[in-house]
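**Student:** Now for the letters of each chain:
Protein chains: 4
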Amino acid sequence: MENMLSDIIVSNRKHTANGQVATYIPELKKANGDDLGICIIDKYNNIYCAGDYDKKFTIQSISKTIVLAMALMDNEWDYVFSKVGMEPSGDPFNSIMKLETNDTKIPCNPMINAGAIVTTSLIKGKNLKDKEERMLSFFRKLAKNDSLQINNSVYESEKLTGDRNRAMAYLLKNDGIIEGDVNETLELYFKQCSIEVSVVDLARIGLLFANYGIDIETGERVISENISRMIKTFMVTCGMYDASGEFALKVGIPAKSGVGGGIMASVPNRMGIGVFGPSLDKKGNSIAGLKVLEDLAQRLSLSIF
Amino acid sequence: MENMLSDIIVSNRKHTANGQVATYIPELKKANGDDLGICIIDKYNNIYCAGDYDKKFTIQSISKTIVLAMALMDNEWDYVFSKVGMEPSGDPFNSIMKLETNDTKIPCNPMINAGAIVTTSLIKGKNLKDKEERMLSFFRKLAKNDSLQINNSVYESEKLTGDRNRAMAYLLKNDGIIEGDVNETLELYFKQCSIEVSVVDLARIGLLFANYGIDIETGERVISENISRMIKTFMVTCGMYDASGEFALKVGIPAKSGVGGGIMASVPNRMGIGVFGPSLDKKGNSIAGLKVLEDLAQRLSLSIF
Amino acid sequence: MENMLSDIIVSNRKHTANGQVATYIPELKKANGDDLGICIIDKYNNIYCAGDYDKKFTIQSISKTIVLAMALMDNEWDYVFSKVGMEPSGDPFNSIMKLETNDTKIPCNPMINAGAIVTTSLIKGKNLKDKEERMLSFFRKLAKNDSLQINNSVYESEKLTGDRNRAMAYLLKNDGIIEGDVNETLELYFKQCSIEVSVVDLARIGLLFANYGIDIETGERVISENISRMIKTFMVTCGMYDASGEFALKVGIPAKSGVGGGIMASVPNRMGIGVFGPSLDKKGNSIAGLKVLEDLAQRLSLSIF
Amino acid sequence: MENMLSDIIVSNRKHTANGQVATYIPELKKANGDDLGICIIDKYNNIYCAGDYDKKFTIQSISKTIVLAMALMDNEWDYVFSKVGMEPSGDPFNSIMKLETNDTKIPCNPMINAGAIVTTSLIKGKNLKDKEERMLSFFRKLAKNDSLQINNSVYESEKLTGDRNRAMAYLLKNDGIIEGDVNETLELYFKQCSIEVSVVDLARIGLLFANYGIDIETGERVISENISRMIKTFMVTCGMYDASGEFALKVGIPAKSGVGGGIMASVPNRMGIGVFGPSLDKKGNSIAGLKVLEDLAQRLSLSIF
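Going down the list, the protein sequences come from chains A, B, C and D. To convert, take the position in the first sequence, counting from 1, and add 27; that gives the numbering used here. To convert, take the position in the second sequence, counting from 1, and add 27; that gives the numbering used here. To convert, take the position in the third sequence, counting from 1, and add 27; that gives the numbering used here. To convert, take the position in the fourth sequence, counting from 1, and add 27; that gives the numbering used here.
So here's chain A without its partners, still in its complex pose (with noise of 0.2 Å):
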């Protein structure tokens, strides 16, 4: 397995040159874009890591799968759908204008950026700090790791050139959508992108979405088999920008990019499988890491379709 692994990491790794490393936050700008690693822990706990898998990298869009499992363990399902739609959008992560030609003004899902905003606004707390450490310690939960810890000048990166986010968070308020202080959610949501992850990270996090939500090593529930299956579905129709459809046929598994250049893909009843490489093509995923998860779902077989 690990000699697979390492075989496509190498065969792969060419495909870096053919993009490059998100600029739109500066401090993302720093990542070394040949790099690519890959983690797969399946089901029996094994550990398989090939290329850069030590490397250290923000969460940026794979953390919406987890504050979205954490929205809906705090509220009412009926109530964050009602805030939040479901339908994949055929529209870049950023884009605003659906939150104006659509009648109901919420967002298609929350995999894009408005979404997102959201779903951060719904998560419970007695004031931000109590907000950002239930957050912090659930991501910790979840990747079994206590050490993760938000890169903070990566955070301050976000707030200094997050006026689009900013944008759609008033559009949002003006609407009615989210409540209470912008700016505390949105401190929230840049918080949550900035937290700092390895492939063995999201291998762990994407292997308990694939096991309905149990501890494989302690057989505690941490998440509900239904968010657990939801989140799947989320990743399927909307994880990959908008090349979900794309990436639907090409690959045919859960999977949630984020432009730090991550891929948390889950496996039902399978495995967790962490990608990282940060080069990114023009929607934003990891331009060599679709590749490694194309080779690997062809060579395993791991197509849910």
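Simulated from the structure, these hints should not be mistaken for lab results. A portion of the hints provided could be inaccurate.
One copy or two, it doesn't matter: identical chains are merged, so the pair holds either way.
[Claimed, not checked] With a cut-off of at most 30 Å between alpha-carbon atoms, the simulated DSS-like pairs for lysine-lysine come out as follows:
#1 LYS132 to LYS56
#2 LYS168 to LYS82
#3 LYS186 to LYS153
#4 LYS277 to LYS70
#5 LYS277 to LYS132
#6 LYS57 to LYS132
#7 LYS151 to LYS277
#8 LYS83 to LYS151
#9 LYS156 to LYS56
#10 LYS310 to LYS277
#11 LYS41 to LYS277
#12 LYS41 to LYS82
#13 LYS83 to LYS168
#14 LYS171 to LYS156
#15 LYS56 to LYS277
#16 LYS156 to LYS186
Using the hints provided, position chains B, C and D relative to the given structure of chain A.
**Tutor:** What follows is chains B, C and D alone, placed relative to chain A:
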């Protein structure tokens, strides 16, 4: 099993009162809104039916899956996907707007009308008559039912009220997305929608896709494995119009609906399902049919997620 | 005066090099991009010409003003404006999107293609031939030129490449905005665009509108005062496609352009102006023609603002 | 003249019942919906008033004309128009969509909210306080009324409910269209909207634009002729929100409305007009005020077309 199906039909028939039969094609208004029926064929070729399983209805948009399969068999895939996209659109099935705002001018996917007009234009044949015969005989082969016919009064009705589809076709022609004669393509499009089927036919076709393209009885490969997977993937991401995301979350199986009231579902490696209930919800899906599938998926744990 | 006009033509001819002749209708490609001519007829019936004033060209979108006048004479105004709006659209002349996103589904105004297809459908007549004759004779009356003819090769070319207009017409038909036969309406639309004129004809028609509908020579009322004002108003708000606002700011007189290279301007109570320069800018307006009118408006203080 | 004005007010007051006062800014709800008043100042400095001419109200969007004038005086015109367009939008005043779909990302024109936020950002000053003072003193100079003040409770109310404007401002900031501090720009924007005026003030300012920027009493040039013309042009093409086209057709004079119920009109070389009627139609224009201007334009033949 048949008891359970009867049970599900009986308990969900009440939902038919909350929708209404399609009205935009006059012939479809004649359907009986109370009808509700189901057929399941599993991979051991067991056939289970309940409710109004013997009613005939026109296949409508469900044909889009079969015509896509045909287009993929008749052409290079790269060529097909240079003319129709792979992404869910987030818009209603008959939306024109995205054709104008998308950079590429191609329809988002082959499950919306504009996309299906494109795949229809890709069906090979010496002339219109030849294309019609090839198409009808392919539908018959998939359904294993040589008596499938076009319902002529529905076809005439489609043709008479098809100005919106005509508009799309001319726009696609203008942008070079479809080639050949527009009226011929539309003729073929209206005819494919007017093929008359029963839930047994739908279950049979669904089973073929579920079984990765191999006829369960004869072992014959009818469609390639890859095309079978692609069809099921499109069914998940775009099969239920702009309620596809919600259906994936609530039911979690590949399915395609039509405004005639049919739904074809395909549970990978397990079964094909046909449902019929012509009373539709606002998005054009069988209102009671959705509930039937939701119940069934729950009871038999059919979700692929 | 003629010296000044010659001067303006000479000094602005260089701008023709920065544009190009219309290409989407093959016949229009044959125009000579260097041509530039002007004719002014003032309210004392003085006629001044300069440059290529004797060239013939097809009237194209300038016909929209005349067909609107005819629609308003043939129908109740409330009826006309229940089928076409009064507002500038901010979109290109051949945009379809607003037809779908507007609540009313009616075209924004009669100066864009969709709107002119509507006004064309409102022209009365026993049959297509009768409508054509009424239309052509109305154009002749306004231009005081009985030799106006349809250029048949342009007409055939329009018809051959008119799929985008066909798409609009079918969408309008589908939404009940146009009634009667779509092909007949399109026939009449393509023909009106293909009427051949010179700058003298345009100046004469422009003068009629400038003089509130009264023939300067005979004193005959040809068009009502109200309709004359309405035409000039639409020329200001929507006459130069999606550059109407800029033209109003820089030139400040009612004007309507066509992709044949013509511009008709109408200075209230003063003069009619015809300009011809088939080299177009990106928005479809005569690139040197705009400059000619800007110079002229400045020198003669023509702005109505 | 005053009799005629009284007559017009009396006969049109009934229309106030068909609209309602603005509600989205709570302070504006306090207005008396029955109020209707008018003031005309002609170029011989005759002042005619009728109805509720002595009521005070906030200037709201009418300020957009004055702030545009100021932006054009404080900056190079090319710079201004690289940040805000010249075209009518066809969309409601507070639409965000075009900011995203336009290639240039700049607001369509300075008469919609997004455009006015841009012109506001272009006002020069050492700091916010300095900018405010310059702005208020410019408004006072144009109205020849040193007692003009900001209505603080309206200002506070605007600020409290201004999330949609905040969203636009952050989007403009994100795209580099506005520079400097977003909150400072918004502060100045909310303040300009909250300046309290009477119809006499509006008529005085309208007269200045009508008189090409020259103070009728002192002969002093306050604004350049070109800027005066530009303001009147924008008033025609975009002054009455997305009813500008209809207003141009029915009334035919440059005018700008505000949701406070005011309308300022400017008849070139003839007169300035102020109207007040806080009962608004669905597009945000004074419902009876429109009728008053329609009557007046008819009786005095004011149309510029």
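**Student:** The structure should be examined with respect to each hint, and the outcome stated for every one.
**Tutor:** Hints, verified against the model:
1. Proximity of LYS132 to LYS56 under the C-alpha cut-off of 30 Å is restricted to the inter-copy arrangement: shortest distance 25 Å between copies versus 34 Å within a copy.
2. Taking the shortest alpha-carbon separations for LYS168 and LYS82, only the intra-copy value of 20 Å comes in at or below 30 Å, while the best inter-copy value is 53 Å.
3. Taking the closest pair of Cα atoms, LYS186 and LYS153 come within 30 Å of each other both inside a single copy (23 Å) and across two copies (27 Å).
4. In this assembly of identical chains, the alpha carbons of LYS277 and LYS70 lie at most 30 Å apart whether taken from the same copy (24 Å) or from different copies (25 Å).
5. When the C-alpha separation of LYS277 and LYS132 is checked against a cutoff of 30 Å, the pair qualifies only between copies, where the shortest distance is 22 Å, while the shortest distance within a copy is 32 Å.
6. Taking CA atoms no more than 30 Å apart as the test, LYS57 paired with LYS132 passes between copies only; the shortest distance there is 28 Å, against 37 Å inside one copy.
7. Within a single copy, LYS151 and LYS277 get their C-alpha atoms only as close as 38 Å, which misses the 30 Å cut-off; across copies the closest is 25 Å, which meets it.
8. Taking the shortest alpha-carbon separations for LYS83 and LYS151, only the intra-copy value of 28 Å comes in at or below 30 Å, while the best inter-copy value is 46 Å.
9. Taking the closest pair of Cα atoms, LYS156 and LYS56 come within 30 Å of each other only inside a single copy of the chain (29 Å); across copies the shortest separation is 39 Å, beyond that limit.
10. For the homomeric pair LYS310 and LYS277, the shortest alpha-carbon distances inside one copy (16 Å) and between copies (28 Å) are both at most 30 Å.
11. For the identical chains of this complex, LYS41 and LYS277 are intra-copy neighbours only, at 19 Å inside a copy versus 40 Å across copies, given an alpha-carbon limit of 30 Å.
12. For the identical chains of this complex, LYS41 and LYS82 are intra-copy neighbours only, at 19 Å inside a copy versus 57 Å across copies, given an alpha-carbon limit of 30 Å.
13. Taking the shortest alpha-carbon separations for LYS83 and LYS168, only the intra-copy value of 18 Å comes in at or below 30 Å, while the best inter-copy value is 54 Å.
14. With identical chains, the CA atoms of LYS171 and LYS156 are at most 30 Å apart within one copy only, with a shortest distance of 22 Å there and 54 Å across copies.
15. Taking the shortest Cα distances, LYS56 and LYS277 sit within 30 Å of each other inside one copy (29 Å), while across copies they are farther apart (40 Å).
16. For the homomeric pair LYS156 and LYS186, the shortest alpha-carbon distances inside one copy (17 Å) and between copies (27 Å) are both at most 30 Å.
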